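A.B. asks: Residues per chain are reported as follows:
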Amino acid sequence: MNIVVCAKQIPDPAEPGELDPETKTLKRDGKLILDESDMYGVEMALQLADNAGGGEVTLVSMAPDNKVDGIRTGLAMGAAKAVLVSDPALAGTDALGTAKVLAAAVGKVEGADLVLTATESSDGYTGTVPEQLAELLGLPSVTFAKHIEIADGKVKVQRQTDAGYDEVECPLPCVVSVTAGVVEPRYPSFKGIMAAKSKPLDQLALADTGLEADQVGWAGGGQEIVGVEDAPEREAGEIIEDDGTGAEKIVAYLENLKLV
Amino acid sequence: MFRWNDEQLMVRDAVRQFIDKEIRPHVEEFEHGDTPPYDVLRKLFATFGMDSMARDRFKRQIEFERTAADAVARGETPPEKPKREGGFDPSMQMIPIIELCRVSPGMVTAMGVSMGLTAASINSKGTIAQKERWVPELLTLEKIGAWAITEPDSGSDAFGSMRATARRDGDEYLLNGQKTFITNGPYADTIVYICKLDEGNDPAERKILSFVLDAGMEGLEQSKPLRKMGMHSSPTGMLFLNDVRVGRDRLIGETEDVPAGGRSGAKDTFAMERSGVAAMALGVISECLDLSIDYAKNRVQFGQPIGQFQLIQEKLARMEVARLNVENLVFRYIEMVQAGVSLSFAEASAMKLYSARAATEVALEAVQLFGGNGYMAEYRVEQLARDAKVLQIYAGTDEQQIIAIAKDLLRE
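Top line first, the protein sequences correspond to chains X and Y. Numbering-wise (the working numbering), the first sequence opens with residue 1 and increments by one. Numbering-wise (the working numbering), the second sequence opens with residue 1001 and increments by one.
Derived by calculation from the structure, the hints in this document are not laboratory data. These numbers were taken from a predicted model, which means no experiment stands behind them. Cβ coordinates follow ideal geometry from the N, Cα and C atoms, glycine included. Errors might be hidden in some of the hints.
Derived, one-sided and incomplete: chain Y residues facing chain X with beta-carbon distance under 10 angstroms [what the hints assert, rightly or not]:
no.: 1; residue: Met1010
no.: 2; residue: Val1015
no.: 3; residue: Phe1048
no.: 4; residue: Met1053
Lysine-lysine pairs mimicking BS3-like chemistry, simulated, CA-CA at most 25 angstroms apart [stated by the list, open to error]:
no.: 5; chain 1: Y; residue 1: Lys1143; chain 2: X; residue 2: Lys191
no.: 6; chain 1: X; residue 1: Lys146; chain 2: Y; residue 2: Lys1021
no.: 7; chain 1: X; residue 1: Lys81; chain 2: X; residue 2: Lys191
no.: 8; chain 1: X; residue 1: Lys67; chain 2: X; residue 2: Lys199
no.: 9; chain 1: Y; residue 1: Lys1021; chain 2: Y; residue 2: Lys1207
no.: 10; chain 1: X; residue 1: Lys191; chain 2: Y; residue 2: Lys1059
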């Protein structure tokens, strides 16, 4: 069972983030870590490979500047190898451009039975890459998986819904996006951390993917950030003086909001 | 080495995450609720594979010792001890110590005594059979160890005033005595008991022997935890031995003919213990400094953050100097181990003396910086200050370290 996990490296949320006033996008020049959303995919992949009695977990990622810290975390957790597409031309790539690059990177991994992604990244939150990736790879896909089983060449998924979950099946190979919190990501063991540095990490430039510079980055972006504004100040609340009818007024207020 | 490398930082971050999740939220229970620390320490070991690494290392060591013993038995020259495998990094042991000491130094005391003192004393002087019998489970914390040397009337003068005895009785020994301030004493499964062989001779000339005891042996009583100033997450107790009968299989090394009358074995253990204290001190100092910086930035008095006042700045600067110095001692130790160079007894003593004093000074200055809040248990520096003090007392008092350093300096 060979599984590819799309893993994004994002600026550490513990550090105060900053926007680039020129591009109006998040500055990414500091330390990058593995997006917590992707740790669930890595953990799920490791468990599925274990349950299947073998196989490899491969990480694929893209970054404009060769940063590998976040990838190493995934390798330390137990992934066998990684493919990183890194090129200055990738700066400013939008969701569709990202999907194109990831699809090209997944194409470099031989014999992938399953591609896992998060439902959305913790810094961009577009939530569109998994479907775009599936389309570009020509694979079927299931989104919002809270539980995955592999049997008889199919993936059986509990797909999270507002009311609970649907049980769906999909033939392999396919793309499945995994919701956050469904498995407990393991801590990397000390041995895993020490081994991570020597695991294969294939670093590709944009040219190696077959994509052109005008398909990615600012040049290939089909979107533009025209402005960044502060969120509006919170409006003052309504103060209800209790003259003996306070409870009724609160109930009426909540009814008006359709909350009771 | 002047800073942690990428791998070491990854280890630090992972251990820190574990501690933030598993220990910090429960620190009250460990510090004030008499909850023994062993389960969470075992979880720490299992989570990071420290238990399997220890087991593998032990297996390789025993395989080598067997090969060497077989060669000697055949009259051949034993093979040279293989150098530690590439990639062995003592920081894998130091970083968890430092990180745990930011939150609960008592946990390190409990862990260190079990693995670092009890297991090490059997592993360095025991027979292969003894090592296999007791060491693996101590190294993985499946069993908890205690190392019993201190007595009510014998502290710094450990060997001189020691009253605990072993008397021969046929092929066996009868052990008697009382030990106190024994870390893990109340809960220990395996106890290394250090005593004098009583042959009716002058106590000053008696050999020092070490025996391995198991909890529940007839005549062995383990007290409840003693109340202490700090290190509440480390259970400390007394041991009472009344005619505990042991075979020669429990005498470490299975021989009474121990070098330097048995006094050198304990000395090796002291040297190892002393270097560990520097890592503990670094954890305490780092945490106190971080907490103090945060408080100095946010606590407003006289209309401005107290960090703007020079008397507060002086405290912060001194804490940073201490942190840098102790960190450098720890880095030096790591590099020496990697290079296969041992610390001398005097060096280990100097390292411990400086680090322990620095930790206590920094922690007390942190309490002072926090003012009334610092004296309250709610603010963490109060606990760290109580915990830090014992670093100057256990594993040899400051005064004993000074004697060891001076003795080495004045050696002819």
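A.B. asks: May I ask which of the numbered hints given earlier this structure violates, with the numbers listed in increasing order?
C.D. replies: Failing hint: just 9.
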